[in-house]
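Trainee: If you want the building blocks of each chain, they are given just below.
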Amino acid sequence: MAFSTRDARRQRMSAELRDWCRTGAPDERRTLVLKLAPGADLSQLATRLGDLGATLVSTGPAVTIAEVSCNAAGEAAELPGVVSADLPARLAPKDARSQKPSR
Amino acid sequence: MVLIWSHKFFAKGIIMLTKRHTALDSGLYELTRAANEADLLIGESFDQSPATTSLALEAAPARRGAASRPLGVVPKDMVTVKLLTAAGASDTLAARLADLGCQIVSRGPQVLLANVPPNRLEALGELPNLRRAEQSRRLQFRLDEARGAATRTDIALAQHPQIRGQGVVVGVVDSGTDWRHDDFRNADDSTRIEMFLHAVHDAATGVDTFTEFSAVDIDAALGGGGNVPDGDLNGHGTHCASIAAGNGRASAAQAFRGVAPEAALMAVRSDTLHDTHIIEGIRRIFDRAAGRPAVVNLSLGGHMGPHDGTSALENVISRETGPGRIVVVAAGNEAQDRIHFDGQLVEGQDLDIEFTIRDAVQFIDVWIPRGDEADITVIDPDGTETVPDGSIQNTAAGAFRADLREDQFNRDINLTLAVAGNELGRRWRLRLDAQVVRQGTVHAWGQTRDFDFSRNIFMAETSPRFSIGMPATEERAISVASFISRAGILPGGAAVPGLAAGEISPFSSHGPARHGTQRPDIAAPGQHIVAALAAGSSMATLPQLAPRRLPGNRYISIQGTSMATPFVTGAIALMLQQEPDLAPEDVQLRLRATAQRDDDTGPVWNEAFGYGKIDVEALLNYAIVT
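Here the protein sequences line up with chains A and B, keeping their order.
Taking the working numbering, the leading residue of the first sequence gets 179, the next gets one more, and so forth.
Taking the working numbering, the leading residue of the second sequence gets 549, the next gets one more, and so forth.
If you're looking for bench data, these hints aren't it; they were derived computationally from the structure.
You may find that some hints are simply not true.
[As the list claims (entries may be wrong)] Away from chain B, derived, C-beta distances all over 10 Å, residues of chain A: (1) 201; (2) 219; (3) 224; (4) 225; (5) 228.
[What the hints assert, rightly or not] Listed next, with one range per pair, are the computed distances between beta-carbon atoms: (6) 256/A - 942/B: 27 to 35 Å; (7) 206/A - 772/B: 34 to 42 Å; (8) 256/A - 774/B: 38 to 46 Å.
We treat Cβ as the ideally placed atom computed from N, Cα and C, and that holds for glycine.
Next up, chain A with everything else stripped away, as it sits in the complex (with noise of 0.2 Å):
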């Protein structure tokens, strides 16, 4: 059976976070960045989020950011005005250490 681009279904929760739902304690809380639709209502989304027994971190427009218990998660990603939900991603500071050699 062939592995697909056509059958990239529209997730709107990363391979990673799936795993965190599939896996972890129900009570477990990690903190989630929620991608917003343009236009997402944050109040109604900070209640409905708060409803869920999450935790805001930051919000405003374009993403929020919420600690969410493991069970919670995926309702939180399908809650209106969020496209994607995300763990936490690392950024690499910028600084070129040391010489590289030529190549």
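Model the placement of chain B on the given structure of chain A, informed by the hints.
Mentor: Okay, now just chain B, sitting in the frame of chain A:
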């Protein structure tokens, strides 16, 4: 009224710049021998030591290919002048210059570098097809070297002594800022840092916390009390903050002061640089600025994501910036790292993305345009083909996991592959068997788990193009490349072989963004920059960095687009003091309009330099001119 610059000549043999208003053609430069107070102020920033003339050539953009050769010593009865000529006039002009007793030092399209006898300077004004004459200024040592000829910052500050960043907030979201360092303290020893945000990602629980400290808290800690955490365990953020807005208080004659030394400072400390920390850091700084203009420095980035401005962090930058709210981002240091692949899908054919295993776990992030369809196979180094199923799968050469997701913002298909090879140095392939092609261009980026700079060498087929990282790919971010402002690591040290002042830093990531957006915007000095060293940080203690630390352990020389970025941040702080409501687009327009273009940069935007090298003098005069 047209603003022009007038070269003025001093008895000590240094040409100075002063501002004059005239009705003359703005392309003409008048050479005079007059002096005034403004000249003297500028003159102080150019040490008239005997070494001055011998260093003059280093300030000039050296000709490619000859860049690493010793350029020799300028005869003491000569001054080095950069001449911008009309198109096709270089040869004729060179002959006329020779007739005047000048020596041509370097020649390129529409730019000549010449040693000119002082008594012939005025005659330059009579030469046909000479568009502009500029002194080739000495590059000064240390951070002030970057402030010198390379960017004209000291000249700009001398012309605008009231512009030091007052009333503007400079925020640095990074590894923190050493709030104990003298460069971030006032003359009365109180802190200059108005807000310090400590962002922590608990690896065990996956939960982020943010704790905010005020200037009162920091002052109490400076007095021995309080509970403010260490400012910066890494040292990276301190260095960046110092370049943007350090006051140089710990250095003799404030030699290592930053670009906007009187700006208000806010610092965010994140030891892990999670995007959640960056997002909240940006928001917190703009909020605490409370209506004051603010510019946020992000000397960081990554490559897992769409590279088109639609990632979460990029969306935040797009939406949170506006008039008086600017974010500046490093382009990245991956130009040499073979991190990027791009290829064309052709229906019925295979497209192989071939990469080498460099770390215990590494990631390949593939973006396939919406509408295109392909079947995917993973081929390990032994040639075993495996159809992914979304779970962790094993082959004889290692384990991998592939995941497919339609991006909810741009509708492109995102294929992520995590590989844990049994052996380093072996090549794996990701095969895309194209079934339907509507757009066809596939991009992929590689990244190791731990961002190991020395191991970021993945793709069998690659080029420096598209190596710019996120969030520098966001259109409303000011994205910054690095050029070499001093070829030697330490002040007075020998040049690193192959490096020449003025050229693009070899590591500086190239644009454009995935869909062709012109990124980076501008280049600034990022190699090599001496700025504040955080006490007790890894930069202060790692043995391999010892050769980069200056005596006294208050300053260190490092390099990267990380260092170029705060230089632009500081310059924008100066601009915001002049014009507090500048929006990102206004800043980009000014950077584009005023950028220095020379033989290194070429005449138009390019993927390494962007629009050219930053010219702080021209930026601060832009408002006056227009």
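Trainee: Now tell me, hint by hint, if it's right for this structure.
Mentor: Do the hints match the structure? See the list:
no., hint, in the structure
1, 201, "holds, 13 Å"
2, 219, "holds, 15 Å"
3, 224, "holds, 15 Å"
4, 225, "holds, 20 Å"
5, 228, "holds, 17 Å"
6, 256/A - 942/B: 27 to 35 Å, "holds, 34 Å"
7, 206/A - 772/B: 34 to 42 Å, "holds, 40 Å"
8, 256/A - 774/B: 38 to 46 Å, "holds, 44 Å"
In this structure, none of the earlier numbered hints is contradicted; all agree with it.
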